[in-house]
Amino acid sequence: MRVEIPRKTPSVKTEQIILFRSSGQIFAISSASVQEVRSVDSLAGTPQEVNEPSIPKVRHLLRRGERNLYVVNTALHFGLKPAHASLIFMLRKSRTALLIDGIEKMTTITRLQALPHAFCHEERLWYRGLTVLDQSVIPVVNPAGFLTSDELFLLDALAGRTALPETHVIPELGLST
Amino acid sequence: MSTMDQIELHSLVLLRLGERRFALAADQVAELVAPSRVFRFAHRTPEIDGVIVRRGRVVPVCDLAEPLTGKKLHYRRFYLIANRQRGVSQDWIALPVSGECELINADLMPAGESDSAHVAAWISHGGEVIEVLNLNALTPGPHNEVGSRDFAPEAHA
Numbered sequence: 000m001r002v003e004i005p006r007k008t009p010s011v012k013t014e015q016i017i018l019f020r021s022s023g024q025i026f027a028i029s030s031a032s033v034q035e036v037r038s039v040d041s042l043a044g045t046p047q048e049v050n051e052p053s054i055p056k057v058r059h060l061l062r063r064g065e066r067n068l069y070v071v072n073t074a075l076h077f078g079l080k081p082a083h084a085s086l087i088f089m090l091r092k093s094r095t096a097l098l099i100d101g102i103e104k105m106t107t108i109t110r111l112q113a114l115p116h117a118f119c120h121e122e123r124l125w126y127r128g129l130t131v132l133d134q135s136v137i138p139v140v141n142p143a144g145f146l147t148s149d150e151l152f153l154l155d156a157l158a159g160r161t162a163l164p165e166t167h168v169i170p171e172l173g174l175s176t
Numbered sequence: 000m001s002t003m004d005q006i007e008l009h010s011l012v013l014l015r016l017g018e019r020r021f022a023l024a025a026d027q028v029a030e031l032v033a034p035s036r037v038f039r040f041a042h043r044t045p046e047i048d049g050v051i052v053r054r055g056r057v058v059p060v061c062d063l064a065e066p067l068t069g070k071k072l073h074y075r076r077f078y079l080i081a082n083r084q085r086g087v088s089q090d091w092i093a094l095p096v097s098g099e100c101e102l103i104n105a106d107l108m109p110a111g112e113s114d115s116a117h118v119a120a121w122i123s124h125g126g127e128v129i130e131v132l133n134l135n136a137l138t139p140g141p142h143n144e145v146g147s148r149d150f151a152p153e154a155h156a
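Same order as they appear, the protein sequences are chains A and B.
The opening residue of the first sequence carries number 0 in numbering that gives the first Met the number 0; numbering runs sequentially from there.
The opening residue of the second sequence carries number 0 in numbering that gives the first Met the number 0; numbering runs sequentially from there.
It should be emphasised that the hints constitute simulated quantities derived from the structure, not laboratory data.
From the three backbone atoms N, C-alpha and C, an ideal C-beta is built for every residue, glycine too.
One thing to keep in mind: the hints can contain errors.
[Claimed, not checked] Every beta carbon over 10 Å from chain B, so not counted as near; a handful from chain A, in silico: (1) Thr13; (2) Ser93; (3) Ile102; (4) Val136; (5) Asp149.
[Stated by the list, open to error] Cut-off 30 Å, straight-line C-alpha distance, at most; resulting in silico cross-link-like pairs (DSBU-like, lysine-lysine): (6) A:Lys80 / A:Lys104; (7) B:Lys71 / A:Lys80; (8) A:Lys12 / A:Lys104; (9) A:Lys80 / B:Lys70; (10) A:Lys92 / A:Lys104; (11) A:Lys92 / A:Lys56.
Take these sequences, add in the hints, and give me the full structure.
Following this line, the structure appears as structure tokens:
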């Protein structure tokens with residue numbers, strides 16, 4: 000008698016993402032790369048202004064312990080019209096925070112398609128790939144693609160010249176809005 | 000052997016962009032599809048208009064009418080899905096066309112040194128001399144091989 004060996008069904012890899020709005024456009028980011036979501040109002044008074052003409056997308060920095068977090072205006076980063084930003088994503092294991100208009104929803108994806116080779120400029124750094132969701136194509140952002148190491152170096156040099164007073168150090172909160 | 004037997008005919012797809020016709024090697028054409036929704040997102044490659052979804056795959060849309068005819072295509076009748084070979088990788092690109100496409104066999108005349116990089120060869124068809132397009136030179140990509148030819152037809156004696 001033959002014993003039929005049960006076939007293993009390959010498990011589908013899924014990834015939880017956050018869909019967010021920036022200047023009216025929808026982008027996705029892996030929820031694993033977002034450590035904390037805060038409202039812009041909750042940071043009132045704490046950010047320090049940054050004025051580096053070569054990096055206009057960064058206008059503020061936040062102190063988190065010993066580190067500086069640079070707030071990137073996502074609309075300016077993607078070359079879009081700046082809109083009213085209401086939330087900040089503090090990224091995990093990163094010195095970048097993202098200023099966004101709002102969160103659309105959280106969902107799960109099963110497939111991330113590589114950005115077609117025809118896209119051959121900065122967008123290759125901006126996006127991890129594209130996903131098809133609810134019959135729409137959504138770019139999935141690369142959390143490491145918002146500031147280059149050169150830009151971080153420049154911002155650090157600028158921040159070093161204008162050190163923050165202790166009152167500007169913000170405490171770490173959990174994942175909350 | 001007759002003279003006709005000695006002529007090597009190539010399969011080509013004739014496509015229309017406004018008033019002009021161009022040809023593409025048939026083995027580079029995946030399919031011809033009706034226009035569908037174009038999705039747009041922020042990017043910095045001006046030649047790319049957006050993307051369409053075809054068989055679950057995201058395909059960039061590149062309007063060749065402007066670089067080839069000087070005018071944007073206002074009426075998109077079909078998308079010709081072309082297959083680009085770049086080194087070992089292949090990718091699809093959707094080319095909006097304004098009329099029916101036609102599969103023909105024709106003898107290729109090699110492109111000359113003075114021809115633009117986008118001309119892979121020439122054909123004579125229906126009383127017209129038509130450019131055979133070099134997609135790699137016309138469409139954006141990481142290694143835009145401007146000056147290279149998609150295929151170099153041998154000169155026929």
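Hint-by-hint comparison with the structure:
1. No Cβ of chain B approaches the Cβ of Thr13 (chain A) within 10 Å, the least distance being about 17 Å, so the stated non-interface status holds.
2. No Cβ of chain B comes within 10 Å of the Cβ of Ser93 (chain A); the nearest lies about 20 Å off, and the non-interface call holds.
3. With a least CB separation of 18 Å from chain B, Ile102 (chain A) remains clear of the 10 Å interface cut-off, as annotated.
4. Distance check for Val136 (chain A) against chain B: the nearest CB is about 4 Å away, which does not clear 10 Å, and the non-interface claim fails.
5. With a cut of 10 Å on Cβ distances, Asp149 (chain A) stays outside the contact zone with chain B, its closest approach being about 18 Å.
6. Of the supplied pair hints, the one linking Lys80 (chain A) and Lys104 (chain A) holds, its CA atoms being roughly 22 Å apart against a limit of 30 Å.
7. Proposed proximity of Lys71 (chain B) and Lys80 (chain A) is supported: the alpha carbons are some 25 Å apart, at most 30 Å.
8. In summary, the hint linking Lys12 (chain A) to Lys104 (chain A) is supported, as the alpha carbons are separated by about 20 Å, within the 30 Å threshold.
9. As the CA atoms of Lys80 (chain A) and Lys70 (chain B) are separated by approximately 28 Å, the hinted pair is consistent with the 30 Å bound.
10. With a C-alpha separation of about 23 Å, the suggested pairing of Lys92 (chain A) with Lys104 (chain A) holds against the 30 Å cut-off.
11. Straight-line distance between C-alpha atoms of Lys92 (chain A) and Lys56 (chain A) comes to about 20 Å, which keeps the hinted pair within the 30 Å bound.
Hint 4 from the earlier list is the only one contradicted by this structure; the remaining hints agree with it.
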